[in-house]
Amino acid sequence: QKEVEQNSGPLSVPEGAIASLNCTYSDRGSQSFFWYRQYSGKSPELIMSIYSNGDKEDGRFTAQLNKASQYVSLLIRDSQPSDSATYLCAVNTRYGNKLVFGAGTILRVKS
Amino acid sequence: DAEITQSPRHKITETGRQVTLACHQTWNHNNMFWYRQDLGHGLRLIHYSYGVQDTNKGEVSDGYSVSRSNTEDLPLTLESAASSQTSVYFCASSESPGGTAETQYFGPGTRLLVL
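Residue numbers (our numbering), protein chains in the order written: chain F, 1 to 111; chain D, 1 to 115.
None of these hints come from the bench; they were simulated from the model.
There may be inaccurate statements among the hints.
Unchecked claim - DEER-style ranges, computed between Cβ atoms: (1) D:S83 with F:S52: 43 to 53 Å; (2) F:D58 with D:Q18: 40 to 50 Å; (3) D:S65 with F:Q80: 38 to 48 Å.
Claimed, not checked - List time: in silico DSS-like cross-link candidates among lysine-lysine, alpha-carbon distance up to 25 Å: (4) F:K67 with F:K2; (5) F:K56 with D:K57; (6) F:K42 with F:K110; (7) F:K2 with D:K11; (8) F:K56 with F:K67; (9) D:K11 with D:K57.
Ideal Cβ placement from N, Cα and C applies to all residues, glycine included.
Next up, chain D with everything else stripped away, as it sits in the complex (with noise of 0.2 Å):
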């Protein structure tokens, strides 16, 4: 069955050090996108792609970066791990219509602490 995996599911750092979360996904989409959630803001976009090579900033993406160079992943690295990133990291994916808006299927989430 097609499926969207993360990895590491929880993950402990420390201040300043770069960390990479692993997102892969089996349904051939070419949308992803990266959410992270706390308490009393719900999800929130941090960075999406459209397709291969193609990246664009959500609205929290200070300090992430992500890269596409496959239809199947997309790498989301803190460059310099902040406590203020402690959050759980959602990965999501859809398919590609012409216009309207598709579903959005998640991944099992990666629960970040940042020390």
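Chain F with its partners taken away, still in its complex shape (with noise of 0.2 Å):
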């Protein structure tokens, strides 16, 4: 079993829609997770950052966390084109600042 697992996609979604992006991890220690945007050809940037179980609400994003299912999701409303990109679900080791990366789900916004 991965560590982190996502969906790697493609998941279409069209302009205006909410597009959903899930995430889950097999360390019970973890503490904390980050869901990082990575355009093609480009390095990963910060979109959301979340510790303590619920949601955490930043512009159009939604970050959601359940530590007891052990599953983090990524909500974007309004979806736009320039949200197409590759996003990165991101945990952290019980031991240390380390961090765990997913494969990454594609997402595609069409107009």
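Dock chain one against chain two, each of which comes alone in its own frame, and use the hints as you go.
Here it is as structure tokens:
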């Protein structure tokens, strides 16, 4: 079992729709969870971090964390073509400041 | 503005040659990381450092080495380049809090081709 799993996609949504990206992790001791966006040929950039169970909202983005189910998700409301990218889920290990990354989900927003 | 830079941005080398990729950050972060990114594998940790003179192996460290002589730099050396090391390499840095992992900030990446 991979430590951090994501559906590779591509996930295709129409412009203006809600995109839902999901991630599961295996280490129950994980405390920090991150969503990064990566455009083709570019480096990952942070979208959201979440540390506590529940929802965290930032503009059109909402991160959701359920530690009991070992599940973290990212919702993008009013999706725009500029949101088309690969979204990486990252989870810390219980030992130190290392992150384990999922393989990423490709999102395509069609206008 | 603080930033993290990598050089070179593109590199072509031959099998068996030694290659060094540079990473420089001006955030004064204690933690620095090297990843490689390949299709289907996402980002995989090669080596990391929590401070000067501290280095640690990641999950794919074979054939790579790092050294940390100051806070700003963590060069990655491929001792004898192999075709399997063709990849995109990212350097990242983060602060060093007491416990919870902090956000990592990434450099622009280096595309390495080993022929």
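Structure-based check of all given hints:
With their beta carbons about 45 Å apart, D:S83 and F:S52 fall inside the hinted range of 43 to 53 Å. For the pair F:D58 and D:Q18, the supplied restraint of 40 to 50 Å holds, since their beta-carbon distance comes to about 44 Å. Between D:S65 and F:Q80 the beta carbon distance is about 43 Å. The supplied range of 38 to 48 Å therefore holds. For the given pair, F:K67 sits about 17 Å from F:K2 by alpha-carbon distance, which is consistent with the 25 Å threshold.
As the CA atoms of F:K56 and D:K57 are separated by approximately 33 Å, the hinted pair breaks the 25 Å bound. This hinted pair checks out: F:K42 and F:K110 have alpha carbons roughly 21 Å apart, not beyond 25 Å. The suggested pairing of F:K2 with D:K11 is violated, with an alpha-carbon distance near 31 Å, which exceeds 25 Å. Only pairs whose Cα atoms come within 25 Å are accepted, and F:K56 paired with F:K67 is accepted, the gap being roughly 14 Å.
About 24 Å separates the Cα atoms of D:K11 and D:K57, which keeps this hinted pair within 25 Å; it holds.
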